[in-house]
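Start from the sequences, fold in the hints, and give me the full structure.
Protein sequences, first through last, are from chains L and X.
For the first sequence, the working numbering gives the first residue as 1, with consecutive numbering after it.
For the second sequence, the working numbering gives the first residue as 1, with consecutive numbering after it.
Rather than coming from a laboratory, the hints here were simulated on the basis of the structure.
Result set (DSSO-like, lysine-lysine): computed pairs, CA atoms no more than 30 Å apart in a straight line:
{"#": "1", "chain 1": "L", "residue 1": "Lys66", "chain 2": "X", "residue 2": "Lys42"}
{"#": "2", "chain 1": "L", "residue 1": "Lys55", "chain 2": "X", "residue 2": "Lys1"}
{"#": "3", "chain 1": "L", "residue 1": "Lys14", "chain 2": "X", "residue 2": "Lys42"}
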Amino acid sequence: GAVVSQHPSRVICKSGTSVKIECRSLDFQATTMFWYRQFPKQSLMLMATSNEGSKATYEQGVEKDKFLINHASLTLSTLTVTSAHPEDSSFYICSANLAGPGETQYFGPGTRLLVL
Amino acid sequence: KQEVTQIPAALSVPEGENLVLNCSFTDSAIYNLQWFRQDPGKGLTSLLLIQSSQREQTSGRLNASLDKSSGRSTLYIAASQPGDSATYLCAPENYGGATNKLIFGTGTLLAVQP
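Laid out in C-alpha cells, this is it:
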C-alpha cells in the first residue's frame with residue numbers, strides 16, 4: 001500500500017522558535033497533500049491543502065503567515081510553525097491522495113509538537 | 001458547512017460481541033465516505049471507502065453502510081477482538097472546489113475487553 005512518512009515524529013521546543021515538519025510520499029507521487037491538526041480528545045481538523053508548485057489553500061481561521069506550507073516536489077510537503085507558542089502544541093498529521101480526489105487518502109504517522 | 005457526529009463517543013464491550021458505530025452528517029452532497037481507525041498517538045489507517053453511489057462495503061469482519069439521503073453511515077464490527085480497540089473516525093468527502101475535503105467526525109473510542 002501507499003506509504004506516507006513524517007519527520008520528526010516528536011518535537012519539543014521553546015516558545016518563539018520555528019518548527020519544520022516534513023511529509024513525504026514514499027512510493028507514489030502526490031500532487032495534493034493535506035495538513036491536519038488534532039488537539040487532545042478531539043477530531044482531526046483540516047488546516048490547509050498543499051498543492052505541488054502552487055500556493056497552499058488554507059481553511060478559515062488558519063493563519064497562513066503562522067503556518068507556512070511548501071510543496072516543492074511531488075513527494076514532499078513541509079509545514080513550518082513559525083514563532084511557536086504553547087497553544088500551538090498539538091498533533092499534526094499529513095495525508096496524500098494516491099490518485100486524486102475521491103480516492104483513499106493515506107495518512108502519515110503524525111508529529112507531536114510540544115511548545116514550552 | 002459539513003458537520004459530522006459520531007455516536008457513541010465511547011464504547012466498551014467484551015470480546016466476541018458484534019457492535020455498531022454510528023456516523024451522521026449534515027451535508028448529503030458528498031463524494032464518498034471513509035472510515036478510519038486511529039491508535040493512540042498514531043496516524044490514521046483507512047478501513048473502508050464507500051462511494052456516494054454505493055450502499056455498503058465489506059472488508060473482513062467490517063461492514064460499512066451508507067444512506068446518503070438521510071446523512072447516515074454505520075460501521076458494523078463482527079466478533080470483536082481486543083486488537084480492535086482504537087478510535088474509529090468517519091469522514092465524508094465533500095466537494096471543495098479544485099480539491100475535495102475530508103471532514104472528520106468526533107470519533108468513537110472502542111475498548112474490547114478480553
